[in-house]
Amino acid sequence: MVHFTAEEKSSITSTWGKVNVEETGGEALGRLLVVYPWTQRFFDSFGNLSSASAILGNPKVKAHGKKVLTSLGDAVKNLDNLKGTFSKLSELHCDKLHVDPENFRLLGNVLIVVLAIHFGKEFTPEIQAAWQKLVAGVATALAHKYH
Amino acid sequence: MSLTKSDKALIATLWSKIATQADSIGTEALERLFASYPQTKTYFPHFDLHSGSAQLRGHGSKVVSAIGDAVKNIDNIEKALSKLSELHAYILRVDPVNFKLLSHSFLVTIAAHFPADFTAEAHAAWDKFLSIVSSVLTEKYR
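Protein chains in written order, with this note's numbering: chain A, 1145 to 1291; chain B, 542 to 683.
Possibly wrong hints are sitting among the right ones.
As the list claims (entries may be wrong) - Computed list of lysine-lysine pairs in DSSO-like fashion (alpha-carbon distance at most 30 angstroms, straight line):
#, chain 1, residue 1, chain 2, residue 2
1, A, 1162, A, 1277
2, B, 624, A, 1265
3, A, 1277, B, 603
4, B, 603, A, 1265
5, B, 582, A, 1277
6, A, 1277, B, 624
7, A, 1210, B, 624
8, A, 1153, B, 603
9, B, 582, A, 1265
10, B, 603, B, 582
11, B, 546, A, 1240
12, A, 1153, B, 582
13, A, 1162, B, 603
14, A, 1204, B, 624
15, B, 669, A, 1277
16, B, 669, B, 546
17, A, 1211, B, 582
18, B, 641, A, 1210
19, A, 1206, A, 1221
20, A, 1289, B, 641
21, B, 641, A, 1227
22, A, 1206, B, 603
23, B, 546, A, 1227
24, A, 1277, B, 546
25, A, 1265, A, 1289
26, A, 1210, A, 1240
27, A, 1211, B, 669
28, B, 549, B, 669
29, A, 1206, B, 669
30, A, 1277, A, 1210
31, B, 549, A, 1265
32, B, 558, A, 1162
33, B, 603, B, 624
34, A, 1206, B, 582
35, A, 1206, B, 546
In case anyone wonders, no lab produced these hints; they're calculated from the structure.
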């Protein structure tokens, strides 16, 4: 189980406090679909994904990105119980959505790039490291119920 | 996965900016690597890895310089990095998984330094490029 130090928790929550969940979610999901185009396989119903600008401007991508990132907010509030927090979502991603957990790792890393873009120097190596732990923990929690 | 014309243009444009701060970007990428993935420090038992260390700076500079060589020879990265490829295969033998980690650390560094330039397209191009560089460096492993 991933364990966060007090300093890591504080890094995570203070960054999170400054994140625009709607915009950042859309940006992260959009970039995932642009940088790793094979991830588009899960989003046939989303309409126009034909170019980077189409993807980033796509309202379904934005809405879904917001959903995903809002869920990450639950992780931030429950750093000591990621597996419990994501138990139902894990079952959903396995049984209904059939998403390879590798995609959670890809999205986690793209999110970190987006945070770096937004926060620049403020997103120090130490703060990044705390976030890497978080996204890795969330990816593991989301994969936990797979069978 | 190969680079399109448009990828190459994006890579070259961003490179020209990276080159102006090459050493500090290289150093920062390594700092991020060691902070997020402490296991990567196992390849540097002989280094002082504290922030500001001359060795860290020297090594960061080396890494970015090699990336620059790859950019300048983007149509034949294998040839440009041939010696480095042998070095990694026969002497350094860094486990291939670590190239992804350093590539990610490098992307985060340039995203932090050049937020306006690091568009989704540039991100995609650089991710592809670093993935190709990593393949070249591990090509002779076995």
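The hints, checked one at a time:
1. A:1162 / A:1277: 19 angstroms, holds
2. B:624 / A:1265: 34 angstroms, violated
3. A:1277 / B:603: Holds, at about 28 angstroms.
4. B:603 / A:1265: Given that 30 angstroms is the threshold and the Cα spacing comes to 22 angstroms, the pair holds.
5. B:582 / A:1277: 17 angstroms, holds
6. A:1277 / B:624: With Cα atoms ~35 angstroms apart, residue 1277 of chain A and residue 624 of chain B exceed 30 angstroms; violated.
7. A:1210 / B:624: Violated. Residue 1210 of chain A to residue 624 of chain B sits at ~46 angstroms, over the 30 angstroms cutoff.
8. A:1153 / B:603: 34 angstroms, violated
9. B:582 / A:1265: Given that 30 angstroms is the threshold and the Cα spacing comes to 23 angstroms, the pair holds.
10. B:603 / B:582: 17 angstroms, holds
11. B:546 / A:1240: Outside the cut-off at roughly 39 angstroms; violated.
12. A:1153 / B:582: 24 angstroms, holds
13. A:1162 / B:603: 36 angstroms, violated
14. A:1204 / B:624: Violated. Residue 1204 of chain A to residue 624 of chain B sits at ~47 angstroms, over the 30 angstroms cutoff.
15. B:669 / A:1277: Holds. Residue 669 of chain B to residue 1277 of chain A sits at ~24 angstroms (cutoff 30 angstroms).
16. B:669 / B:546: 13 angstroms, holds
17. A:1211 / B:582: Violated, at about 37 angstroms.
18. B:641 / A:1210: Distance ~27 angstroms between residue 641 of chain B and residue 1210 of chain A Cα, so the pair holds.
19. A:1206 / A:1221: 23 angstroms, holds
20. A:1289 / B:641: Since the Cα atoms of residue 1289 of chain A and residue 641 of chain B sit roughly 27 angstroms apart, the hinted pair holds (cutoff 30 angstroms).
21. B:641 / A:1227: The given pair, whose Cα atoms are some 26 angstroms apart, holds under the 30 angstroms limit.
22. A:1206 / B:603: Roughly 40 angstroms separates the two Cα atoms, so the pair is violated.
23. B:546 / A:1227: 44 angstroms, violated
24. A:1277 / B:546: Outside the cut-off at roughly 36 angstroms; violated.
25. A:1265 / A:1289: 37 angstroms, violated
26. A:1210 / A:1240: Holds - the C-alpha atoms of residue 1240 of chain A and residue 1210 of chain A are around 20 angstroms apart, at most 30 angstroms.
27. A:1211 / B:669: 28 angstroms, holds
28. B:549 / B:669: 10 angstroms, holds
29. A:1206 / B:669: Roughly 24 angstroms between the alpha carbons, so the hint for residue 1206 of chain A and residue 669 of chain B holds.
30. A:1277 / A:1210: 21 angstroms, holds
31. B:549 / A:1265: 27 angstroms, holds
32. B:558 / A:1162: 28 angstroms, holds
33. B:603 / B:624: 14 angstroms, holds
34. A:1206 / B:582: Violated, because 38 angstroms separates the two Cα atoms, which is more than 30 angstroms.
35. A:1206 / B:546: Holds: residue 1206 of chain A and residue 546 of chain B sit about 29 angstroms apart, inside 30 angstroms.
When the structure is compared with the earlier hints, violations turn up for hints 2, 6, 7, 8, 11, 13, 14, 17, 22, 23, 24, 25 and 34 and for no others.
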